[in-house]
Amino acid sequence: MRRRTLSYEVRLFAGKTDPVNSGFWLPLWMHLRDTAGIMVYLVQRWLPESVRQHIELDEDLLTQTACFLGWVHDIGKLSCCFAGPIMELLPEPRQRLEKYTTLSYREQNRKYSRHALASEAILRWLKCPNGLASVAGAHHGKPQTGKNVLDQLGDEEEEGSWESNYWPEGEQEFWESCWRELFDYALQESGFSSVGELPQLTIPAEILLTGLLIMADWIASNTRYFSLIPVEEVGSDTLYPARVDRAWEALDLTSPWEVQSDVTEPGAFAERFGFPPNEVQRAMLEAVSRTQEPGILILEAQMGVGKTEAALGAAEILAKHGGEGGIFFGLPTQATANGIFGRLLAWAEKQPDGLEHSIKLAHGMAELNEAYLRLQQDTVRVEEDLEADPDADPESRVMVHQWFRGNKQGLLADFVIGTVDQLLLAALQQKHVMLRHLGLAGKVVGIDECHAYDAYMNCYLDRALTWLGRYKVPVILLSATLPAKRRVELVRAYLNGRTAPDGPWQTCRGYPLLTWTDGKRVEQMTIPLKAEPRRVETFPLTEEQLTDTLRSALREGGCAGVIVNTVKKAQAIAARLRAELPEFEVVVFHAQFLMPDRAAKEEALMKRIGKHSTPEQRDKLIVVGTQVLEQSLDIDLDFLVTELCPMDLLLQRIGRLHRHEGRARPRPVAQARCAVLDTGTEDFDEGSKAVYGEWLLWRTRKFLPTAITLPHDIAPLVQDVYGWEPDPLPASPQSTAARAEYEKAQQIKMGKAKTFTILPPEEHRKRPSLNTLDNWMDDVGAVSDNGARAAVRDGDPSIDVLVLMRDAAGNVRFLPDETGHPGACVPTDEPPQPEMALQIARQKLRLPGYFSKKWSIDKTIEILDAETRERFGMWWQSPLLRGELILLLDDHLTAQLAGQVLQYDRENGLTYRKEEENEANGV
4 MRRRTLSYEV RLFAGKTDPV NSGFWLPLWM HLRDTAGIMV YLVQRWLPES
54 VRQHIELDED LLTQTACFLG WVHDIGKLSC CFAGPIMELL PEPRQRLEKY
104 TTLSYREQNR KYSRHALASE AILRWLKCPN GLASVAGAHH GKPQTGKNVL
154 DQLGDEEEEG SWESNYWPEG EQEFWESCWR ELFDYALQES GFSSVGELPQ
204 LTIPAEILLT GLLIMADWIA SNTRYFSLIP VEEVGSDTLY PARVDRAWEA
254 LDLTSPWEVQ SDVTEPGAFA ERFGFPPNEV QRAMLEAVSR TQEPGILILE
304 AQMGVGKTEA ALGAAEILAK HGGEGGIFFG LPTQATANGI FGRLLAWAEK
354 QPDGLEHSIK LAHGMAELNE AYLRLQQDTV RVEEDLEADP DADPESRVMV
404 HQWFRGNKQG LLADFVIGTV DQLLLAALQQ KHVMLRHLGL AGKVVGIDEC
454 HAYDAYMNCY LDRALTWLGR YKVPVILLSA TLPAKRRVEL VRAYLNGRTA
504 PDGPWQTCRG YPLLTWTDGK RVEQMTIPLK AEPRRVETFP LTEEQLTDTL
554 RSALREGGCA GVIVNTVKKA QAIAARLRAE LPEFEVVVFH AQFLMPDRAA
604 KEEALMKRIG KHSTPEQRDK LIVVGTQVLE QSLDIDLDFL VTELCPMDLL
654 LQRIGRLHRH EGRARPRPVA QARCAVLDTG TEDFDEGSKA VYGEWLLWRT
704 RKFLPTAITL PHDIAPLVQD VYGWEPDPLP ASPQSTAARA EYEKAQQIKM
754 GKAKTFTILP PEEHRKRPSL NTLDNWMDDV GAVSDNGARA AVRDGDPSID
804 VLVLMRDAAG NVRFLPDETG HPGACVPTDE PPQPEMALQI ARQKLRLPGY
854 FSKKWSIDKT IEILDAETRE RFGMWWQSPL LRGELILLLD DHLTAQLAGQ
904 VLQYDRENGL TYRKEEENEA NGV
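Convert by adding 3 to the 1-based position in the sequence shown; the result is the number in the working numbering.
Since the hints were made in silico from the structure, they are not lab data.
As the structure is a prediction and not an experimental result, all values here were calculated from the model.
Certain hints may be false.
With a cut-off of at most 25 Å between alpha-carbon atoms, the simulated DSS-like pairs for lysine-lysine come out as follows [claimed, not checked]: (1) K856 - K752; (2) K475 - K323; (3) K757 - K747; (4) K572 - K705; (5) K623 - K571; (6) K857 - K692; (7) K572 - K847; (8) K353 - K323; (9) K604 - K614; (10) K757 - K434; (11) K610 - K623; (12) K488 - K523; (13) K604 - K623.
So the derived label-pair ranges between C-beta atoms look like this [said to hold, decoys possible]: (14) E59 - G194: 12 to 20 Å; (15) T267 - W879: 51 to 59 Å; (16) W879 - H663: 46 to 54 Å; (17) A603 - R285: 36 to 44 Å; (18) Q191 - P882: 42 to 50 Å; (19) K862 - A603: 27 to 35 Å; (20) K692 - R285: 40 to 48 Å.
Idealized CB from N, CA, C, for every residue including glycine.
Sequences are here, hints too, so could you generate the full structure?
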C-alpha cells in the first residue's frame, strides 16, 4: 500500500511565529513532526527502564504511542480561532491559506477553545481513545474539565456550543478534512494501521506520557534546537530525519544511570564511601538484596550511624533490580540539603557505569551553592586534572545539564538532591506536576529525617507516597526518632489499597529497626548492635542557673552547646553569657545570618567542634543556637543545654553530645550530661509554645528520665510521647486542654492541605474509557514556583531579602568584612554583571517571623517593594535578581521597617526592636 503524504493545504497552517521577525515561521506540520521525533528519542534513549514498565505498554507500542502523541498534540491549532489570529502576524502564509478557506473567527469567544482543549475535543471527535485525547488536552500542564471538552463539538445527537471557534460558517467540510488527514497521517507515521489499534491507557500511564509530551514540546519549541524557516517556504520532508537528529545531538541529554555492579560486590562499599559497612548498613543491604518486590523501606537508627550511606548503597541494589535511572534524595531544609550535597556528589562520581550523569541541587537557593556552581562551570576534566590523576576516567564525571536547571524540569536530572518540598510538590495541584511524576517515576527515592514534617506537610508526603507506590518506585525513609503511628501511616500510604496486614510491625519498639515491604507483605527486623550503649544523664535547669552551670561544667575546659527554640532567645542568652562569662568565647548560630556569614560560621564551627577538632580548638567555647544545630551540622559537644522541646527533637539534639567516640574530654564533662532548660513551674516558655504547642512539651516533660541509654531508649521514649491511645499518663485539666488544642490544630492543618492535593490513583478496569485526565486537577494550588513551595509548607509565609548598606556619602555597598573594612561599591543605575549579580544574590537573609504575620506582611512587602523599585529597579533586569526585595541598611547597619528597628552584625545576625518615637521623628 502506497504511503500517503500530507497535502499542500495542511502544510499551510502555522505552528510557531518569531515574535521579533515576521519573516520567519514554523508550519504546524513541522512542529508536530519535530515533537514526534523527540518523543521517540526520549523513549528510546532517555527514559529509564523502570518508567517503561510503569506505563505498561510493550516497547514497540510505547514508541508508537509516544510518536502518535507528538504528531497530534497540537491538532487543536487546526481551528479558526487559533489559525485566524496567528496568521494575522504572517501576511504571506495567510494569503496562501486564504485560497482554501476564510480565517474569520469571533474574538470574544476564542478563550472558550484554547488550542490544548481544542486538541482533546478534535481527537475525541475523531474517535481517538479518551485517555490518549486527554494527554493532548493536558500538554500545557493542566488537564481539561470534562464538561468543557464535551461542550466543544458535541456529538451525533447534539450540536457543540463552540463550533464557531473551529470553522467559519459554511466551511466545516474543509476543516474536518484537514483534521482527518493529519490524524490519519499521524497514525501512519506512528506505525498504526487504524484508530482501533491505539491503546487504552491507565491514568498513571497518562500522567507519565503527559510529562514526556510536555518535555518534548518544550524542546521542539526551542529555536536553539529547531530553527524557524523563511515565510516563503512551507517546509519539506527532505529536512527529516536530519533535522531531529541534529537537535537531539545538540540537546545532548545524559543517559539514565544503569547499575551494572552494586555495593554487594566485595570491597565496593568501602570503595564508594571510604569505610566498610557497619552492622546497620549491612542489615539494610542484605534485606534489600533478598526482597523480590521492593517497595518502601524505613530505617530507624541512631544519629551518626551512617544512614545516608546505607540508603545510597541500598539505592544501587534497588536500581540494578528495577531499572531505575537515578535517585532523588530529599532533606528537611536547604541547609541539610547543602550539607549532604558533597557526600552525594562524591558517591555519584564513583558510579562504575562509565556514563556521564546530570545532577541537580533542587531548592530555592541552589544557584548560590558553591559546590553546585563549580559543577556547572567545570563539567569537563582538563588535561592537568588527568595528569594529576592518570587513573581518572574523563567519562565518569557528573555534570549539571543546562536543560534541567529550570525549577519544573529539575526532577528529570539523574541525581537530584534537594529539600523534601520537591517531592511534596508532586502531590500539589500545580501546573506541569506531570513533569515531577515523570522525574520521580524513574528513580529510587530517599527521604532523610522523615519525622521532621508537620501534619500539613505529611498530607502531601502521604499522597506523594501513594503515587510512588502505584509507580512501584522504591522508597527509602530514614529517621532517628519516628513515632510508631507515623511508621504505620507511611507504609499504608505507600501500599494504598494493597492491604498492609495488621501485626507486631505496627507497634514494635525495637531499635535500630528496619521495616520494609515485599509486594503486599510487611517485613521487619530489629538490628543487633555490637557497640557499647551510651549513657546520658539529664537534669532540669532554669535560665537563672544557666551561667553557673556552664561555668562549673567547663571549669577544666571543653566546649558546650546551648540549643533554644527561637532566634530571639538565642541572641538574648548569647548576650547575657558574654557579659557574665567573659573568660569564655560565645558564638551564636541561627538562620538569621546573611548566607556568606552563615556559611563562614558553619565552616568555623566544623573546624572548632567537628569530627577532627583538637582540645585547643574546643577549649572554653560556648555555641548558642537554634534548631539549625540539631539538623545539619556534624558537631561534637562536651556538654549540652537544650531548651525543652518534643522528645524526638530533644533526642536529635542529644545526638550532638559526645558524638564522636574515642575523644579525650576534660574530667567534669567526661560523662555525657544534658541540662534541659525549662521554666521550673507548671507553665511553658511562650516562644516554645508558639513553635511546638503545649501538648508535646507537656508529655516530653512527663516522660523525660534522669538518664537515657542510647540507642536503646530512643524508641520507647518517642513512642511514649507520641502514643496516647490509650494514655498511660493521668489526665489533668491542663493536659486535657492541651491535647484538645493539639488535635484540633492537626485536623485544621490536614483539612487545609487536602484542598490542593492531587487525587489518588484510580482505575476503571471494567470501563477503561473512563481512565482520563479530565477533572484531575480542578483546583490549582499555586501558579509560581515560589508560591508552590509555600503551598506545601504550612504557617505564615516567609520574606527573604537581600541586605546591602548605604554609606554616609550615599554609595550602596556590600556590608563591611569581619575586620570592619568597607564592602565594595555596587552601581544601582544599571543591571549588574553576572558575577556581581551572583554576589548580590548571596546577601540573602530571611526576615524574622514578626514581619510575615498576617497583620504585618502586606505592609512589610509594600515598603520593601516600593524602595526596591525606586532605588534598584534596573537590577530586576538581571535573571538572578528579578523580583528580589532589597533591605538597605544605613552606615550603622540599621534600618527602620514596619515600625521596627532592624540591626545587623556578624556576631549576632539580625536583631529587631520596636521603633522609639524619637527615632521615628529622626531625633
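Going through the hints against the structure:
For the suggested pair K856 and K752, the alpha carbons sit about 17 Å apart, so the restraint of at most 25 Å is met. Taken as a hint, the K475 and K323 pair is honoured in the structure, with Cα atoms around 14 Å apart against an allowance of 25 Å. A threshold of 25 Å between alpha carbons decides the hint, and for K757 with K747 the separation of about 16 Å falls inside it, so the pair holds. As the CA atoms of K572 and K705 are separated by approximately 24 Å, the hinted pair is consistent with the 25 Å bound.
Between K623 and K571 the alpha-carbon distance is near 24 Å, which keeps this suggested pair within the 25 Å criterion. Restraint check for K857 and K692: the C-alpha separation of about 19 Å stays at or below 25 Å, so the hint holds. The hinted pair formed by K572 and K847 meets the criterion: a straight-line CA distance of about 22 Å does not exceed 25 Å. Of the supplied pair hints, the one linking K353 and K323 holds, its CA atoms being roughly 16 Å apart against a limit of 25 Å.
Of the pairs offered as hints, the one joining K604 and K614 holds, with about 16 Å between alpha carbons and a cut-off of 25 Å not exceeded. Note on K757 and K434: the hinted pairing holds, with a Cα-Cα distance of about 17 Å set against a maximum of 25 Å. Between the alpha carbons of K610 and K623 the distance comes to roughly 15 Å, so the proposed pair stays at or under 25 Å and holds. Under the criterion of a C-alpha separation no larger than 25 Å, the hint pairing K488 with K523 is consistent with the structure, at around 19 Å.
Between K604 and K623 the CA atoms are separated by roughly 17 Å; this keeps the pair inside 25 Å, and the hint holds. Distance hint for E59 and G194: a CB-CB separation of about 19 Å, consistent with the stated range 12 to 20 Å. As the Cβ distance of T267 to W879 is approximately 53 Å, the hint placing it in 51 to 59 Å holds. Between W879 and H663 the beta carbon distance is about 47 Å. The supplied range of 46 to 54 Å therefore holds.
Taking the beta carbon of each, A603 and R285 are about 38 Å apart, inside 36 to 44 Å as hinted. Range check, Q191 to P882: Cβ separation about 43 Å, and the 42 to 50 Å hint holds. In this structure the hint that K862 and A603 lie 27 to 35 Å apart at CB holds, the actual value being about 33 Å. Roughly 43 Å separates the CB atoms of K692 and R285, a value that falls within the hinted 40 to 48 Å.
Of the hints listed earlier, there is not a single one the structure fails to meet.
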